[in-house]
Structures are given as C-alpha cells and as structure tokens.
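A.B. asks: The chain contents come next:
Protein chains: 2
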Amino acid sequence: MPSTVTVLKDVTEANSILAEGLRAGFARSDVLVLDIIASPGAGKTTLLERTIEALHGEMRLCVIEGDPATSLDAERVAAAGVPAVQINTGGGCHLEARMIQAALQQLPGGEADVIIIENVGNLLCPTGWDLGEDAKVVVSSLTEGDDKPLKYPMAFLASKAVVINKIDLEPYVPAKVSVLRENALSINPGLDVVEVSCLTGQGIDDWLDWIRAQLARKRGAKTDHA
Amino acid sequence: MPSTVTVLKDVTEANSILAEGLRAGFARSDVLVLDIIASPGAGKTTLLERTIEALHGEMRLCVIEGDPATSLDAERVAAAGVPAVQINTGGGCHLEARMIQAALQQLPGGEADVIIIENVGNLLCPTGWDLGEDAKVVVSSLTEGDDKPLKYPMAFLASKAVVINKIDLEPYVPAKVSVLRENALSINPGLDVVEVSCLTGQGIDDWLDWIRAQLARKRGAKTDHA
Chain Z
1 MPSTVTVLKD
11 VTEANSILAE
21 GLRAGFARSD
31 VLVLDIIASP
41 GAGKTTLLER
51 TIEALHGEMR
61 LCVIEGDPAT
71 SLDAERVAAA
81 GVPAVQINTG
91 GGCHLEARMI
101 QAALQQLPGG
111 EADVIIIENV
121 GNLLCPTGWD
131 LGEDAKVVVS
141 SLTEGDDKPL
151 KYPMAFLASK
161 AVVINKIDLE
171 PYVPAKVSVL
181 RENALSINPG
191 LDVVEVSCLT
201 GQGIDDWLDW
211 IRAQLARKRG
221 AKTDHA
Chain C
1001 MPSTVTVLKD
1011 VTEANSILAE
1021 GLRAGFARSD
1031 VLVLDIIASP
1041 GAGKTTLLER
1051 TIEALHGEMR
1061 LCVIEGDPAT
1071 SLDAERVAAA
1081 GVPAVQINTG
1091 GGCHLEARMI
1101 QAALQQLPGG
1111 EADVIIIENV
1121 GNLLCPTGWD
1131 LGEDAKVVVS
1141 SLTEGDDKPL
1151 KYPMAFLASK
1161 AVVINKIDLE
1171 PYVPAKVSVL
1181 RENALSINPG
1191 LDVVEVSCLT
1201 GQGIDDWLDW
1211 IRAQLARKRG
1221 AKTDHA
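The listed protein sequences derive, respectively, from chains Z and C. In case it helps, my numbering puts the first sequence at residues 1 to 226. In case it helps, my numbering puts the second sequence at residues 1001 to 1226.
The shape of chain Z in the complex, shown without the other chains:
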C-alpha cells in the first residue's frame, strides 16, 4: 500500500508548514504554547485544573482541549475560570495544526501569556504532529506501569518534559517512580522530569516553576535577539 504512505507524507508535510506559521504567530504575540500528550486517564485535565487554580492571577492562560468525543474536559477547564475551546476529532487520534488554527479564532486575540493544548488521550499518534508548540510535555501516570517509556519511546523522545503523575499511589502498585524516571531518561536523557500527585498537590509547585521558566526563557530569548 505505498500510495497510503505517500499521501500521509503529504498530509504531515502540510501540517508541518502550517505549524511553522502558527509558531511564528505565537512568537510575535509572545505566547508560550505547550502541547500536553498522554494515555487516556493519565491526569492531563486534572493537571490543567491544578495549573489554572495556581497560575490564574499570575499569568493569562488559555486552553485548547482535544477529545474524540464530548466537551467534558473543556467544561471542567472553563469552570476553573479560563477561556477554553473544545476540539472534537470525531474519533481521530490526534490534533493537527489546522485544528489549532481554527480553535485560535475562538480564543480572545492577543490576550494570553500561555496557551496549553491538551491533546487527545493517546501515547502514539500525537507525537508526530507539530502544532506550532514551544514544547510537548508527556504526562505518564505511575498506575500505567513504569515500563511505558520503553514501550512508547516516541512520546518521550518528542517531549521536552515528562510529568510523572499519581505518585501518591506508589504504595499500592507494583510500579516505582524511580524506575519510571530512569526509563524515561534512558530514552531521552534531555528530559526535564517533574513528579507530582494531582490528587494531593504534591510536586505541583515544581510543575508551576517549570512553566514559569519556559515562559521566562522564551521572553528572554526574544529580548536577547531584539
């Protein structure tokens, strides 16, 4: 089926070109864009809720939610008090740059410091699709097991940081936080590793500091070049 590969390549190339356009626009308007990827139920939306609660007064946040169906996540995020747009992929397994372009029309223009994209719950498909983001962040929950970086290496290779979530459950599961961390770093030694429990709040401050550092670095880099 070589024709499939060819067409798929065309689609991903068109996606990459559009994503570079979005990236240039994000740079002009000085906004940090993060693309959160993870398995279903790893805790992406709860991490977002925690992030919004903590950073809402400090910086202007917007959220783009990707799901195969329902607007449950956008409702949760909007309830937390920030502008949120839901993209339903109709069963599609990842977001694409054209969906982000469309979603941006529905967000308040030029008003954000940080846009957080929550991708479709999927540890494979989103990894190859550039959305114009500054960084992808993979959320890996301890309850999924500590071997996931080995079995799904692309998600860890494509990301700048891994958030290890549900560390409060370590006493009750066979997986170990230390093994998950080591496996992630064995795949991508450059990963920033943040360990949190979105349920208890443990480690969330480290995650907030990571976001602050990315925003400062982006704005500092721009100032340096000005």
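Just so you know, these hints were derived from the structure itself, not from any lab. Cβ coordinates follow ideal geometry from the N, Cα and C atoms, glycine included. Hints may contain errors.
Derived CB-CB ranges, DEER-like [what the hints assert, rightly or not]:
#1 Gly1025/C to Arg98/Z: 36 to 46 Å
#2 Ala69/Z to Arg1217/C: 24 to 34 Å
#3 Ala1014/C to Thr70/Z: 26 to 36 Å
#4 Gln105/Z to Ser1178/C: 32 to 42 Å
#5 Ser1016/C to Val11/Z: 16 to 26 Å
#6 Gly1025/C to Asp205/Z: 39 to 49 Å
The following residues of chain C were derived to be distant from chain Z, with all beta-carbon distances above 12 Å [to be verified]:
#7 Ala1027
#8 Arg1060
#9 Leu1072
#10 Gly1091
#11 Gln1106
#12 Pro1108
#13 Glu1111
#14 Gly1121
#15 Leu1124
#16 Ala1135
#17 Gly1145
#18 Lys1166
#19 Ala1175
#20 Ile1187
#21 Ile1204
#22 Ala1216
Since the structure of chain Z is provided, determine the placement of chain C on it from the hints.
C.D. replies: Same frame as chain Z, but now just chain C:
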C-alpha cells in the same frame, strides 16, 4: 484532503476482506479469537498472564502481542508458558489483519483452542480494524477515571465485553467502579461487564468463566449448524 479519506477507505476495506478470510479459517479450525484493546497500562498483559496461569492445563492458548516497540510483553507471556508471537508496529497505533496473518505463520498450526491478541495500547485506533476475531474485549482500568466510556465511546461500542481492572485501588482514587460500569453500559447496553483486580486476583474467575462461555458458545453454534 479528500484523497486521504479515499485511500484510507481502500486500506480498511482490504483489511476487512482479509479479516473475513481469517475469520473463516478460525471457524474451520474451531479456535476462539479474542482481540484485547485498552489504553497503555490498563493491565492487558497482566490479565493475559493471569489467564494463562489459570487456563494453561485446561485449554490450548496462543498469544499474539502487538506493541509499537520492544518484545517485553511477548517475553512475559512466553515465560508464562504458552506460544507467543510479538508484532512490532514500528510506532503504528493498531494491529491490522495482514499482521495477524503473518503472525499465524509463526504459531503452532491447528493446535489452539483460544488465540488471544493483545492489541497496541490505544483506546482509539484499534477499534475500527477487524482482525477476524470473535470478539473485541476492552480493558478499562479504574485508575484512568470512570468517564472513559463517555470520552472514548468507540472502544466500548466495538467490544462484546469490558473488563474493569484495578478495582483494588478504588479506596485511593476519585473514580468509582459503579460509575465506570454505568457509563460503559450507557454507551453499549449489550456489554458483558467483568470486574477484576489482576494484582489481587479478585474477579479473575468471572473472566475465566466468560472465556469458557465464549468457547462453548462458538463450538455449540458450530455443532448446531453441523
């Protein structure tokens, strides 16, 4: 991008035709084939290990393992004592009938009562691909949250049964087994629901009985038609 849709349709149609051929072969050799789908880390491989330990002397089992990378799962299953073939999809997000056809060449011919296929860890992509199986079974772990049937309805619509796993963790997470069960049945009222903990062994007997019933039904149906 309409050409993509067309090509994809051709590929899935070819897949469906091949899958029907496989299904006819499975019927001739009197083998029950199950396709296990789930998010990464829901517990598919541990469920398989438990199944093999319990049924090994009672029926002849074979396993086909699908993963984007590594042969960790096939090694675990082979260690449990049954023939196992690993399919690496090279990052691909689901198995296809042609991969099953190839894997069958490497399994002992005509010697199985039950072939269990463990699909790639992904709650979306495998749902639309017929592998010639008698039934798909979705494993949904409680730690993923109890809203997954609503957000990923296709997996629950495509399946004959849902195995709710990790029920031992209910005291430690916000999700409830009863809500997960209700949400699954709201999407597909015909689902068989089995609740287990692969860690403690709770409920595993119900799962084994479900497999026994499927095998008896398949062989009974064949006898009826003979």
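A.B. asks: Does each hint fit the structure? Answer for all of them.
C.D. replies: Hints, one by one, checked against the model:
no.: 1; hint: Gly1025/C to Arg98/Z: 36 to 46 Å; verdict: 42 Å, holds
no.: 2; hint: Ala69/Z to Arg1217/C: 24 to 34 Å; verdict: 31 Å, holds
no.: 3; hint: Ala1014/C to Thr70/Z: 26 to 36 Å; verdict: 32 Å, holds
no.: 4; hint: Gln105/Z to Ser1178/C: 32 to 42 Å; verdict: 41 Å, holds
no.: 5; hint: Ser1016/C to Val11/Z: 16 to 26 Å; verdict: 23 Å, holds
no.: 6; hint: Gly1025/C to Asp205/Z: 39 to 49 Å; verdict: 58 Å, violated
no.: 7; hint: Ala1027; verdict: 27 Å, holds
no.: 8; hint: Arg1060; verdict: 28 Å, holds
no.: 9; hint: Leu1072; verdict: 6 Å, violated
no.: 10; hint: Gly1091; verdict: 6 Å, violated
no.: 11; hint: Gln1106; verdict: 21 Å, holds
no.: 12; hint: Pro1108; verdict: 26 Å, holds
no.: 13; hint: Glu1111; verdict: 29 Å, holds
no.: 14; hint: Gly1121; verdict: 7 Å, violated
no.: 15; hint: Leu1124; verdict: 4 Å, violated
no.: 16; hint: Ala1135; verdict: 21 Å, holds
no.: 17; hint: Gly1145; verdict: 5 Å, violated
no.: 18; hint: Lys1166; verdict: 7 Å, violated
no.: 19; hint: Ala1175; verdict: 9 Å, violated
no.: 20; hint: Ile1187; verdict: 10 Å, violated
no.: 21; hint: Ile1204; verdict: 16 Å, holds
no.: 22; hint: Ala1216; verdict: 33 Å, holds
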